[in-house]
Amino acid sequence: MQRTCKILDLFARAMTGRRNHQWLRRRVTKAGPVEPLEYRLVLSSISVIGPQIVYSGSPGEINTLTVSESAGTLTFTDTGATITPGVGPFTVVNANEVTISAAGISVLSLNLGDMNDSLDASGIGTGSGLASLVINGQEGDDTIIGSQILDAVSVNGTNPGSDTIDLQGGTNDRLVLTVDLDITVTDSTFQLAAAVPGTYAGIEDLRLTGGASANVIDASAVTSASGLSFVLINGQQGNDTITGSQIRDIITVSGTSPGTDTIDGQGGTNDELNVTADLDITITDSTFQVGTATPGTYSGFDILRLTGGAADNVIDASAVTIASGLTSVVISGREGDDTIIGSEISDTVFINGANPGSDHVDGRGGIGDQLVVSLDSDITLTDNTLQIGTTAPGTWVAFENLQLQGGAGNNVIDAAALSSAISGISISMFGHGGDDTFRTGNLNHQYVIQGDSGASAGFDVLDLTASDISPNVNITGLGSIDGQKGNFLGGIAPSGFDNINEILLPPEYNFTAATYSAAEGDVSNMTFVVEVTRSVNTDIASSVNVVLTGGSATAGSDFTAGPVTVNFSAGEMTKSVPIEILGDGIVEADETISLSMADGISGTVIPSAALTILDDDVSNRPPTLTAAATDATFEDKAKTSDTVSLSATFTDPDEGDIHTAVIDWGDGTMTAGIVDSLAGTISGTHNYSTGGLFDVSVTVLDGAGTTDVIVASAVVSGIRLTVDGELQVIGTDFHDHVSVREGDESQAGMLLVSNHHHHDWWRHGWWDHGHGHQTVTFSLNDVTSILIHTCDGNDHVHINSNVYVSATVHAGAGHDQVSGGSGDD
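Under the numbering used here, the first residue of the sequence shown is numbered 2, with each subsequent residue one higher.
Just so you know, these hints were derived from the structure itself, not from any lab.
Just so you know, these numbers come straight off a predicted model, no measurement behind them.
Note that CB positions come from ideal geometry on N, CA and C, so glycine has one too.
Do not take every clue at face value.
Stated by the list, open to error - Distance windows between CB atoms, simulated:
id	residue 1	residue 2	range
1	G89	S221	41 to 47 Å
2	G586	T670	27 to 33 Å
3	T513	D338	51 to 57 Å
Go ahead and model the full structure; you've got the sequences and the hints to work with.
Okay, here's the thing in structure tokens:
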């Protein structure tokens, strides 16, 4: 039993706090001899646990502890109680004193007993190699003198006593009062409920924390004479009344049930109110509501911080104005798909964390509003959306500053889709390790781009290929970590970059010649004589806009105004520019068109050229189209799965002319016709993807550029909406059931069109009662009129009374039933 008691005694010495001693004392008292073990357990104990030494004072004796350091040796002396060393290489000097080397020790954790104890750590200097002392006075009226390094003293429990605390003014010394009681603090005293006040001195950081009750925490008597740098207060649960100090306060409202608090920051410098809850938060100029609780009140603050949690929270500061006295509002939604609405003053909104969700963020247009996106993921920004990785995009609006920060991975921070429609903003992009790619958009914005800032720099790429103009890149030297630094200019202000390993420039464009010429022709025709070439970067797909300006030619009568977009695929270096010449039969002088580029600056000169339209009306006679037809007629309608054929004939008085033809199938598709100039024939085929009544135009073009056009029709069973808003329904020769109605509440604003048709059993037999069904939905705003051809068969047409669009119905042969809507039918 003697050996068992000794082992338990060593365990007790390694434990911290009075409760562990009492528990062990009670259990062992039942198990064996009382006197020897009871005696051992009231002794003070000391042990090494990792990089810290833990001292636990005897709970039943007055501990008078002195801790000092000299020449790398720590000395612990307790003149009021015996010190028994536990785990660790201690040297026992006598019953009340032990020593140990300070090597490898960074923290001293000193827990006094429950009597009126004292601690003097003033012998611990800045050269001791220690980082900090963590001190807990436990119960009793204790006297604590801190060290010359960082001290952190805790006063807590239900009866912490009236302590006298002097932490000697070491760097960032901290006093933490944590009690479920009222707390009153002055420049030198602290009172817990109605107890005799304790005293404090030499402290920079004062932290006051209440409990579950409705506490009054009052620091209004704390001034700059206290020597404190700031006061941190957290009321915890309960409906607390919190009054800040005359210096800087940081007051926190947090937890799942923070209560309805009354908070006054007292107008100290940079006072800050933090509201942190996984609930909706609503703020006005003087109140804050967490969830559905009764709103609390606040006043006397400069900074407001609002932080959500893992749920989909709504954080609304839209009612905060300059009248609140606040200088800024800082909001972080954290996880979840949050809706964040900023204030009317300066806001900083953070989107960060491992899973920030798809947030909807509105800065409300306050001065200098900033959106900060910081996470280890790809970030894609457009004029109004923000996408994190592959999650669904969120939205953003009304921010002046955007800060996009990657993480340790290989991130793509992409603002290439940001256009000039968003004005007056600046964009900062930062990489934090990994091989990052930064993509810029419109260069009228100002960018600050910072590559890898970690100790192990990645390979970072500045991608300017989406720039709408060629940037003027100026490399000024080596990057501060790796790569290069410099600036690029393309718009209103220069943009800077640092630690960039590779710069991808956009292609630069030019015309292949200074002058071009094309025959006018007698009708409109396309010329492809103008060519554009690109250089610098031809490895990507890109486009350039060619601007057409009238010289002696006039836009609208001699040519179709541009700009004309020329698209390059990856690897392509030269492309033709399709320009529409509006030919006529008037004999006139040759006319010119000036050509330039809206973007794609080559060096400092915008490329230019000229196209001359050559008049050819004297010598050439145009071809004439004499007939054109398709095989898709009302008598023989096509289905969308059928191939529709067209044939046309033409004559040309100029023998030997070479002809080409273009067939416009009426559904936005144009194809080249197969031309036999000797026979005077044109043919072509097409598959329609929708039903409808299509005007198929055939254009024949001779070698001089003169043309003739003829129009045929193609009838295809099915439903379509034309570009001018005519809803066309083409039926079959069977029984068609056509229904047109406006959508219900779930499809408000939509027009639902359906056609169900089936064969007659007596004509086709029960084994061949073919049928078909098609339902198409259109936006009601897009439909201006309705045209229905049911064709032959016993058809049924029903246009619902909630349809006010004018309709024309051609029923065809058969016993038909037609019910009109509310339009002019």
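Results of checking the hints against the structure:
In this structure the supplied range 41 to 47 Å holds for G89 paired with S221, their Cβ-Cβ distance being about 46 Å. The hinted range of 27 to 33 Å is satisfied by G586 and T670, whose Cβ atoms lie roughly 30 Å apart. Range check, T513 to D338: Cβ separation about 52 Å, and the 51 to 57 Å hint holds.
Violated hints: none; the structure is consistent with every hint.
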